[in-house]
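Chains A and B, in that order, are what the protein sequence lines are.
With our numbering applied, the first sequence closes on residue 295, and no number is skipped along the way.
With our numbering applied, the second sequence closes on residue 295, and no number is skipped along the way.
Check the hints yourself; a few may be wrong.
[Claimed, not checked] Far from chain B by the CB rule (all over 10 Å, computed), these chain A residues:
hint, residue
1, Ala32
2, Asp45
3, Val53
4, Asp64
5, Gly121
6, Asn132
7, Asn147
8, Asn164
9, Asn170
10, Asp174
11, Asp201
12, Glu225
13, Gly244
14, Gly252
[As the list claims (entries may be wrong)] Simulated crosslink set (DSBU-like; lysine-lysine; CA at most 35 Å straight-line):
hint, chain 1, residue 1, chain 2, residue 2
15, A, Lys220, A, Lys243
16, B, Lys196, A, Lys259
17, B, Lys111, B, Lys158
18, A, Lys243, A, Lys139
19, A, Lys29, B, Lys259
20, A, Lys158, A, Lys196
21, A, Lys110, B, Lys158
22, A, Lys29, B, Lys196
23, B, Lys220, A, Lys29
24, B, Lys111, A, Lys158
25, B, Lys243, A, Lys139
26, B, Lys259, B, Lys158
27, A, Lys259, B, Lys220
28, A, Lys196, B, Lys223
29, A, Lys111, B, Lys259
30, A, Lys196, B, Lys(-10)
31, A, Lys143, B, Lys243
32, B, Lys259, A, Lys232
33, B, Lys158, A, Lys243
34, A, Lys232, B, Lys223
35, B, Lys223, A, Lys243
36, B, Lys(-10), A, Lys243
37, B, Lys259, A, Lys110
38, B, Lys196, B, Lys232
39, B, Lys111, A, Lys111
40, A, Lys110, B, Lys143
I should point out that these hints are in silico values taken from the structure, not numbers from a laboratory.
Think of the CB as a built atom: it goes at the ideal place given N, C-alpha and C, for glycine as much as any other residue.
Protein chains: 2
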Amino acid sequence: MLKVPDHQVAGHRQARDGKPFPLIDDAGRFYKPLQDDDRGSKEVAFYSSFSSNTRVPDHVRRLFPVFHGTQLIEASDGSGLRPHLVLEDVVSSRSHPSVMDIKIGSRTWYPEASEDYIQRCFKKDRETSSLSLGFRISGLQIYGNEESRLWKPENKLVQNLSAADVKVVLKKFVSSNFPDDPNSDPDCSFAASVYGGSTGILAQLLELKAWFEDQTMYHLNSCSVLMVYEKEKVLKGERSDAEAKLIDFAHVTEGKGIIDHNFLGGLCSVIKFISEILTSPDECTTKVCLQDSDKNTNDSENCTTEGM
Amino acid sequence: MLKVPDHQVAGHRQARDGKPFPLIDDAGRFYKPLQDDDRGSKEVAFYSSFSSNTRVPDHVRRLFPVFHGTQLIEASDGSGLRPHLVLEDVVSSRSHPSVMDIKIGSRTWYPEASEDYIQRCFKKDRETSSLSLGFRISGLQIYGNEESRLWKPENKLVQNLSAADVKVVLKKFVSSNFPDDPNSDPDCSFAASVYGGSTGILAQLLELKAWFEDQTMYHLNSCSVLMVYEKEKVLKGERSDAEAKLIDFAHVTEGKGIIDHNFLGGLCSVIKFISEILTSPDECTTKVCLQDSDKNTNDSENCTTEGM
């Protein structure tokens, strides 16, 4: 029995404009309808190449969804048989997953794309936090401690956050107090078990980083890192099941002997934000001043240390 | 006595359009005329901030030229007194330096710049290797073993090299056979002493990388890494004096709590090229295939391992 999943967080994986939804089954598989244009075939080509690529080490492979091939099934919009990617279901098999979809890279376009696509992405990267932060939050849902309470802000609201606001959202993601309450500071009480530790999300991202410093096979343009965990399990004192998984490979290109410096830079920026939450959740940031001191003697108070 | 230096390799530091040359003295100082627009004051502001910034560790500070303030001196074009940055002379105090100027970053523009500047940089980044490689070679001179022979290709010729050609140039930079001879493969005989070792250029770049993974104070837009050494010293069996130095800070902006992911990504790309020369100078690269296998069964021979 196939059904529509509950926990999609990023816009482009939801049904819109008459396009079919992805589907899931009870065996933990996720059926993603192939897009009609060449994005569908490009994503299949990536999964086929990656899943059979013996040069991908196991500790990196587990950061990608398992690929079970493609399958012709009835599309969820009733439009008939359509090919679907069959993937490991990272999110929907969990009962109350908190999920964050982070699109990595200050640039989501790439030289091989059409000029129209390049200009659209160029504009969006500048309008969102991608350009400044090296990534943007594409989607988000955070459960409260009571399972009935879910915070799922509109994607538009989280795509263009400042550095300070991104840090707050990354803290809310691992806090026990309810994320939509503006009057309470996030307590970061799950930070150590979700982000930290030898199997936490930071450790997984650092493994990914080491691979990206070396691999020159794939450029993961416009890909996302999905971070998922269940608050309930952490509250019960069970081992955190926090996972980072890469998703969305419709724009992957061949690396041709060059590292994916755009993905790597953005990933390092995410890593820095998460590391700071783990090492100094209440820290102040220290500003530097690049005003010409001769011209701006009256502004010297701007150059002092300032809390965030 | 001030004089015009012999060893400028990147175009924008040479006199053009009636602008004054930089000057050097015999005491190892380099006098860089302040540019008239706000680039001059921005570069002074950066050097002032950086040189007094106690949070910059010593092993990072030595990768930047020492700053000796500014000084009003007669400009080299006879236009009268003009303020100059007074810096450590990294290049010209050497007798026969081989020099490479690598502009770091796939993007040389930044959000705070004017729209006109952004569009000009955007175009140039796409026309050169910046976009694809994450850096471009801005200037280059390599001495042969005989001091009289110097290879100094036009800057235009090296700005848009492919990955394979950049690797060849980086090999030529550390080879004993003469770099302008198209019939001999570079022998990389100085690679270990110039790029390698605990004090070589790779070690210096890795220290820089570690700092960029952490520091959120400065974004070094459109900066270059200058790599310098003297072949003569290496030939005599003396310890290599190879140095990496960051230069050109007219477009530095405040980091505002975000790492410089654009610089870091490009730097990691340079590091990967140099690492490969050290670890496997004659390696083949292995291609992956992202063609849709259903559609391209006849192209399967494209997916095999291919030498470079």
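Structure-based check of each hint:
no.: 1; hint: Ala32; in the structure: violated, 5 Å
no.: 2; hint: Asp45; in the structure: holds, 18 Å
no.: 3; hint: Val53; in the structure: holds, 19 Å
no.: 4; hint: Asp64; in the structure: holds, 24 Å
no.: 5; hint: Gly121; in the structure: violated, 4 Å
no.: 6; hint: Asn132; in the structure: holds, 30 Å
no.: 7; hint: Asn147; in the structure: holds, 12 Å
no.: 8; hint: Asn164; in the structure: holds, 24 Å
no.: 9; hint: Asn170; in the structure: holds, 24 Å
no.: 10; hint: Asp174; in the structure: holds, 21 Å
no.: 11; hint: Asp201; in the structure: violated, 7 Å
no.: 12; hint: Glu225; in the structure: holds, 33 Å
no.: 13; hint: Gly244; in the structure: violated, 4 Å
no.: 14; hint: Gly252; in the structure: violated, 3 Å
no.: 15; hint: Lys220(A) - Lys243(A); in the structure: violated, 43 Å
no.: 16; hint: Lys196(B) - Lys259(A); in the structure: holds, 13 Å
no.: 17; hint: Lys111(B) - Lys158(B); in the structure: holds, 26 Å
no.: 18; hint: Lys243(A) - Lys139(A); in the structure: violated, 39 Å
no.: 19; hint: Lys29(A) - Lys259(B); in the structure: holds, 27 Å
no.: 20; hint: Lys158(A) - Lys196(A); in the structure: holds, 22 Å
no.: 21; hint: Lys110(A) - Lys158(B); in the structure: violated, 39 Å
no.: 22; hint: Lys29(A) - Lys196(B); in the structure: holds, 33 Å
no.: 23; hint: Lys220(B) - Lys29(A); in the structure: violated, 52 Å
no.: 24; hint: Lys111(B) - Lys158(A); in the structure: violated, 39 Å
no.: 25; hint: Lys243(B) - Lys139(A); in the structure: holds, 28 Å
no.: 26; hint: Lys259(B) - Lys158(B); in the structure: holds, 13 Å
no.: 27; hint: Lys259(A) - Lys220(B); in the structure: violated, 41 Å
no.: 28; hint: Lys196(A) - Lys223(B); in the structure: violated, 40 Å
no.: 29; hint: Lys111(A) - Lys259(B); in the structure: holds, 30 Å
no.: 30; hint: Lys196(A) - Lys(-10)(B); in the structure: violated, 47 Å
no.: 31; hint: Lys143(A) - Lys243(B); in the structure: holds, 23 Å
no.: 32; hint: Lys259(B) - Lys232(A); in the structure: holds, 25 Å
no.: 33; hint: Lys158(B) - Lys243(A); in the structure: holds, 19 Å
no.: 34; hint: Lys232(A) - Lys223(B); in the structure: violated, 53 Å
no.: 35; hint: Lys223(B) - Lys243(A); in the structure: violated, 38 Å
no.: 36; hint: Lys(-10)(B) - Lys243(A); in the structure: violated, 45 Å
no.: 37; hint: Lys259(B) - Lys110(A); in the structure: holds, 30 Å
no.: 38; hint: Lys196(B) - Lys232(B); in the structure: holds, 13 Å
no.: 39; hint: Lys111(B) - Lys111(A); in the structure: holds, 21 Å
no.: 40; hint: Lys110(A) - Lys143(B); in the structure: holds, 29 Å
Hint violations for this structure: numbers 1, 5, 11, 13, 14, 15, 18, 21, 23, 24, 27, 28, 30, 34, 35, 36, all remaining hints satisfied.
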